[in-house]
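Asks: Protein sequence lines correspond, in order, to chains A and E.
Each residue of the first sequence is one higher than the one before, counting from 0 in numbering that gives the first Met the number 0.
Each residue of the second sequence is one higher than the one before, counting from 0 in numbering that gives the first Met the number 0.
For the record, the hints were derived by calculation from the structure and aren't laboratory data.
We put the beta carbon where it would ideally sit given N, CA and C, even for glycine.
Honestly, I wouldn't trust all of these hints.
As the list claims (entries may be wrong) - Beta-carbon label-pair distances, calculated as ranges: (1) A:Lys200 <-> E:Ala6: 27 to 33 Å; (2) E:Pro226 <-> A:Ala12: 34 to 40 Å; (3) A:Gly123 <-> E:Ala243: 39 to 45 Å; (4) E:Glu209 <-> A:Ala38: 53 to 59 Å; (5) A:Pro220 <-> E:Pro226: 56 to 62 Å; (6) E:Thr284 <-> A:Asp246: 53 to 59 Å; (7) E:Ala286 <-> A:Phe203: 42 to 48 Å; (8) E:Thr223 <-> A:Phe203: 56 to 62 Å; (9) E:Gly145 <-> A:Lys200: 55 to 61 Å; (10) A:Asp232 <-> E:Thr223: 23 to 29 Å; (11) E:Arg281 <-> A:Lys200: 33 to 39 Å.
Protein chains: 2
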Amino acid sequence: MKKLINAPASVLADALTGVAAAHPDLAVDFANRVVSRGAAVKQGKVALISGGGSGHEPLHSGFVGLGMLDAACAGEIFTSPTPDQMLAATQAVSAGAGVLYIVKNYTGDVLNFEMAAELAEAEGIPVKSVLVADDVAVEDSTWTAGRRGVGTTVLVEKIAGAAAEEGADLDAVLAIATRVSENGRSMGVALTSATLPSVGKPSFDLPEDEIEMGVGIHGEPGRTRAPLKPAADIADELVSSILADFDFTGAPVIAMLSGLGGTPLIELYAMYGDVAALLEQRGITVARALVGDYITSLDMAGCSLTLLRADEELLRLWDAPVSTAALRWGV
Amino acid sequence: MKKLINAPASVLADALTGVAAAHPDLAVDFANRVVSRGAAVKQGKVALISGGGSGHEPLHSGFVGLGMLDAACAGEIFTSPTPDQMLAATQAVSAGAGVLYIVKNYTGDVLNFEMAAELAEAEGIPVKSVLVADDVAVEDSTWTAGRRGVGTTVLVEKIAGAAAEEGADLDAVLAIATRVSENGRSMGVALTSATLPSVGKPSFDLPEDEIEMGVGIHGEPGRTRAPLKPAADIADELVSSILADFDFTGAPVIAMLSGLGGTPLIELYAMYGDVAALLEQRGITVARALVGDYITSLDMAGCSLTLLRADEELLRLWDAPVSTAALRWGV
Numbered sequence: 000m001k002k003l004i005n006a007p008a009s010v011l012a013d014a015l016t017g018v019a020a021a022h023p024d025l026a027v028d029f030a031n032r033v034v035s036r037g038a039a040v041k042q043g044k045v046a047l048i049s050g051g052g053s054g055h056e057p058l059h060s061g062f063v064g065l066g067m068l069d070a071a072c073a074g075e076i077f078t079s080p081t082p083d084q085m086l087a088a089t090q091a092v093s094a095g096a097g098v099l100y101i102v103k104n105y106t107g108d109v110l111n112f113e114m115a116a117e118l119a120e121a122e123g124i125p126v127k128s129v130l131v132a133d134d135v136a137v138e139d140s141t142w143t144a145g146r147r148g149v150g151t152t153v154l155v156e157k158i159a160g161a162a163a164e165e166g167a168d169l170d171a172v173l174a175i176a177t178r179v180s181e182n183g184r185s186m187g188v189a190l191t192s193a194t195l196p197s198v199g200k201p202s203f204d205l206p207e208d209e210i211e212m213g214v215g216i217h218g219e220p221g222r223t224r225a226p227l228k229p230a231a232d233i234a235d236e237l238v239s240s241i242l243a244d245f246d247f248t249g250a251p252v253i254a255m256l257s258g259l260g261g262t263p264l265i266e267l268y269a270m271y272g273d274v275a276a277l278l279e280q281r282g283i284t285v286a287r288a289l290v291g292d293y294i295t296s297l298d299m300a301g302c303s304l305t306l307l308r309a310d311e312e313l314l315r316l317w318d319a320p321v322s323t324a325a326l327r328w329g330v
Numbered sequence: 000m001k002k003l004i005n006a007p008a009s010v011l012a013d014a015l016t017g018v019a020a021a022h023p024d025l026a027v028d029f030a031n032r033v034v035s036r037g038a039a040v041k042q043g044k045v046a047l048i049s050g051g052g053s054g055h056e057p058l059h060s061g062f063v064g065l066g067m068l069d070a071a072c073a074g075e076i077f078t079s080p081t082p083d084q085m086l087a088a089t090q091a092v093s094a095g096a097g098v099l100y101i102v103k104n105y106t107g108d109v110l111n112f113e114m115a116a117e118l119a120e121a122e123g124i125p126v127k128s129v130l131v132a133d134d135v136a137v138e139d140s141t142w143t144a145g146r147r148g149v150g151t152t153v154l155v156e157k158i159a160g161a162a163a164e165e166g167a168d169l170d171a172v173l174a175i176a177t178r179v180s181e182n183g184r185s186m187g188v189a190l191t192s193a194t195l196p197s198v199g200k201p202s203f204d205l206p207e208d209e210i211e212m213g214v215g216i217h218g219e220p221g222r223t224r225a226p227l228k229p230a231a232d233i234a235d236e237l238v239s240s241i242l243a244d245f246d247f248t249g250a251p252v253i254a255m256l257s258g259l260g261g262t263p264l265i266e267l268y269a270m271y272g273d274v275a276a277l278l279e280q281r282g283i284t285v286a287r288a289l290v291g292d293y294i295t296s297l298d299m300a301g302c303s304l305t306l307l308r309a310d311e312e313l314l315r316l317w318d319a320p321v322s323t324a325a326l327r328w329g330v
């Protein structure tokens, strides 16, 4: 295993040290492994909190800042953060208007965020949660009952974050977040497995001439083990699978093609060209596009495609200013 | 070789198709492989053009837009663009105030930009060039007489781009670009080799327990082949090598830790924590930091560190609005 780390056990702590050093505007609670806006938390604003296992960066800590999250809780790599961490984050950024938890659908995350919500409510902090379960690849999975939550999470964080920044109340922010969650679909493909620092070898075997269609962001099995094929054919399968699941015609779409961590940007753009052509053939209008690493799986090669059926309000919120380490515009 | 591509020969063309689809605000000249601001070119502004071999994305096409480049010329992977491409870019974005070429010090790039400048001057377009040769690892290299040009190029594009956007004339923009180039230093480390699509296997052999200290962005040999070691030790060697070459004390520093394409963000942040601590120990104040993939080498695992000795004017220009596909703030 070749990694730029000091020791497998210290990767997360060391990365938080780096986040604090690189971004002095963020507050890092090292004991609780929470990255938050710190002094920039706005009184009277609904606070947005997300979190999950580490290894998917920039999700979630890279999305803490104006127009997006107030705090992110970092679990160990591919491991849910604990209710205590989530409660600490809640206490740190609750600003009198309630808190929205943005939860990816993995059993540990779901249970721990539920417990944190109970603890916070017991302290008088109103909490609502939105669950993201957008991965069309499979029903149920290694750590999930129902569908896995993947790329749509980024879009929920951006769009609900904008609504909160505008002053929407907790119910309104929840409604927007739910609308994004319900109208987003994703599917991914792995060309290689990720290697966890604590394991030291690839999590699963993927022969040199095969790919995993519908892979999860922790390397969970997808739909099929397929022969390696041209980007256009992979794009066709991702697009077809997503469109078979949900009607994306007749409304503008926000498209995100995220690398999984080990795929160069030139390949992502090559792939996106095929995705865009296929969507156009199917009569779908992409109103906004993101191409890059947004939700990753350590050093896994591959990508995931996310489509969101948008409307004027969602597009307006999408275009609203955002200023975080990993997503920034219009400020 | 596992890549998200259609065919080795079409990677660049396919990626340009994706750039055009994802970023409708950019103009893509497919015949000349030039990405430019298109209709957004501002009359009376000094135009900034860079370019080089592909495979280092987001450099350069990801840096085309307000506050940075006016055009980027894309060569084949790891191959210089031609004078014809550079001339086409020059004709596309020249706006009456002259053109600055930002050239990384590789022999092909240098010769071709020189020839393009002559062709442009013959058409009555004033051209100046700034050469970036900031890699402290080695003197002369596989494709370079003198030092290789690497990460400081990103900082030249940002800071000189801000000066041009403010209305500085060609001589003033050249002076700023030269100041950045002369005050920036870089060094990189490879954990793995990149694999070129056209070659289909790693460009060089790097055993499982070894790293290449001082590697070039095309996989050129560095200073030493060293045993794999902790991030803190690698950081120490990069920082020490850069500080031994140039005096960074007594002025604020802009630091960029760029991934080389195959290294996850969590590792880059872990590494940056060590870099920041070492700089602090050496009495150096980091005023601004960038951590992420900015100048890459396809799927190479590893990173490069760039330090720029800044002053108030350079920091002010650094903070000026920028809006490109890969670097964006304050707009």
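Asks: Any of the earlier hints contradicted here, and which numbers?
Replies: 2, 3, 4, 5, 8, 9, 10
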